[in-house]
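There are 2 protein chains.
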Amino acid sequence: MKLNFLYSNIQADVAAIEEELRLAVKSEQAPLVEEAALQLLNAGGKRIRPIFVCLTARLGQFQWNQVEQAAVAVELIHMASIVHDDVVDDADVRRGLPTIKSKWGNHVAMYTGDFLFAKSLEYMTKIANLEAHQVLSKVTVELAVGEIEQLRAKYDFEQNVRTYLRRIKRKTALLIAASCELGGIVAQLDSKWHRKLFLFGYYVGMSFQITDDVLDFTGSEKTLGKPAGEDLRQGNVTLPVFFAMEDKAFRAQLRQISETTTKEDMAPFIETIKASGAIAKSEAIAETYLQKAIGILDEFPPSKELKPLKQIVQFLDKRKY
Amino acid sequence: MKLNFLYSNIQADVAAIEEELRLAVKSEQAPLVEEAALQLLNAGGKRIRPIFVCLTARLGQFQWNQVEQAAVAVELIHMASIVHDDVVDDADVRRGLPTIKSKWGNHVAMYTGDFLFAKSLEYMTKIANLEAHQVLSKVTVELAVGEIEQLRAKYDFEQNVRTYLRRIKRKTALLIAASCELGGIVAQLDSKWHRKLFLFGYYVGMSFQITDDVLDFTGSEKTLGKPAGEDLRQGNVTLPVFFAMEDKAFRAQLRQISETTTKEDMAPFIETIKASGAIAKSEAIAETYLQKAIGILDEFPPSKELKPLKQIVQFLDKRKY
Chain A
1 MKLNFLYSNI QADVAAIEEE LRLAVKSEQA PLVEEAALQL LNAGGKRIRP IFVCLTARLG
61 QFQWNQVEQA AVAVELIHMA SIVHDDVVDD ADVRRGLPTI KSKWGNHVAM YTGDFLFAKS
121 LEYMTKIANL EAHQVLSKVT VELAVGEIEQ LRAKYDFEQN VRTYLRRIKR KTALLIAASC
181 ELGGIVAQLD SKWHRKLFLF GYYVGMSFQI TDDVLDFTGS EKTLGKPAGE DLRQGNVTLP
241 VFFAMEDKAF RAQLRQISET TTKEDMAPFI ETIKASGAIA KSEAIAETYL QKAIGILDEF
301 PPSKELKPLK QIVQFLDKRK Y
Chain B
1 MKLNFLYSNI QADVAAIEEE LRLAVKSEQA PLVEEAALQL LNAGGKRIRP IFVCLTARLG
61 QFQWNQVEQA AVAVELIHMA SIVHDDVVDD ADVRRGLPTI KSKWGNHVAM YTGDFLFAKS
121 LEYMTKIANL EAHQVLSKVT VELAVGEIEQ LRAKYDFEQN VRTYLRRIKR KTALLIAASC
181 ELGGIVAQLD SKWHRKLFLF GYYVGMSFQI TDDVLDFTGS EKTLGKPAGE DLRQGNVTLP
241 VFFAMEDKAF RAQLRQISET TTKEDMAPFI ETIKASGAIA KSEAIAETYL QKAIGILDEF
301 PPSKELKPLK QIVQFLDKRK Y
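Protein sequences appear in the order of chains A and B.
The letter at position 246 of the first sequence is residue 246 when you use the numbering used here, and the numbering goes up by one with no holes.
The letter at position 278 of the second sequence is residue 278 when you use the numbering used here, and the numbering goes up by one with no holes.
Wrong hints could be hidden among the right ones.
Pairs of lysine to any residue residues, derived as SDA-like cross-links and limited to a Cα-Cα distance of at most 20 Å, are as follows [unchecked claim]:
1) A:K138 / B:E20
2) A:K138 / B:S27
3) A:K226 / A:N42
No lab work stands behind these hints, which were simulated from the structure alone.
This is chain A alone, in the form it adopts within the complex (with noise of 0.2 Å):
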């Protein structure tokens, strides 16, 4: 858990979610897919979304137990969406370790993706709440938009940036949205924050989304877990391509890139969109939109409890993996 330093009081919290989220995918009646799950779990991440009902949540007054089956639910909707997405992009590595799909096969990771989704829906329905279902299934038909879109925009070197904004906030702003609104849903704050923690999450969301699309090109195969330039030779045309694109010659070579390309080929690529500018254009935006987060929390009433919030924003600006 790289990021415990920042929020040492929520340690035993996040130690918690890990734990049932364990406990989640355990299946007698199908120790396939709960290999499978595990397997992903191990090779570990952020758990920001987790962390963020956890952050929002002490805004209020909560019941640890909503709290903890709120955040279950939205990481094992990530944990099915990565999954899925690991088919679709022929991913072999996540993080260093062997997708489901590359160990497994793509059958079994499309059921393993199903599974995750089901039990999320699961620990969801244990909060008596009905407001905490409508966001979370609101987001959860955004996000399988967005999948197909992303599908769609494949090794499309013509789309323009707005659909690529419209693409990350389906695929990832808005479920770190929902993660955010759905801390305070739990926590009982007035409705009004309800919408405020909710915008909060998709301007981090965005930025989060943004920042990991320049790691793609500026990151190590070591840092990611995955070969740099990976999202694009997988076709994914994400924000520094789109300002590197604005060179019309670059454009016009973009073109060579397609699924039979090897990250070998893909060296040129990315030096040349590196040295065009396109990642600072892109941190600029990133950075925008972070400040726009932190303007959400300066509405709340002050409270030691926003501080831990606005640490993981700043973390997450000068994130390098």
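Once you have looked at the hints, place chain B on chain A.
Only chain B this time, still in chain A's reference frame:
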């Protein structure tokens, strides 16, 4: 709608649900998924899960929009599982039309299934009843476990009949059971009847799947909308196969069946199974389940609303498609 003759009084309900299913899959942002989902809707289907929601709701006091939302939710879950199953079974045809996976590929099929599942959740959360949410989330987990069990059991001619019964319980019977219970829940029946309706649906579902498995051998490509023996060719060991496998020599022959077996190769296997008495034995088991289902209905206080439920059970017993 081939079953219309059975429930003229609820034809309007079924038509409204059909219309709502079309609205449910409408997606301006994802026209591809809409097209794919409409393909599946146009292929038809008996819609027995929505019909059971409607029929059981008529045993109590219901608001139509709650019934409709529950009915749409269960059918969307069923559709999602079909789309994913067709990927795993590498099925090209369903009810005489190309499957989503054959027309658009496995990736679109996987994400279309995810979208349908997410949409079902959205419909479900429109029902302000936590018990309804919980019933559906539980069977959804079991459904996913059943999918994985089925994957593991493919081409395994050493498994025993108990694993088959457990598998069809998860894959089919529990969602029909939940459909029946949901009708009772939204109609605000006393909670003692919820469990009875669930059990009724469970027995109907077991019988329904066994009849499906028999029809795979006794039906024609024309009535089935797929080649006869297709389940066995795909490695799914069903009840008639278990009975026929009591002949050890035949069991040994079955081991020749694999992914590369053609539908022409299946003819002698189908003939042997039909000549073995396995069909009549399987039909007898299906009949036993139906009698148990009728037995449950007999526990309810007399009502004219029980009649269509009994009619549909009788019809399912005699159906040829």
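Checked hints:
no., hint, result
1, A:K138 / B:E20, "holds, 18 Å"
2, A:K138 / B:S27, "holds, 14 Å"
3, A:K226 / A:N42, "holds, 16 Å"
Consistency note: the structure conflicts with none of the earlier hints.
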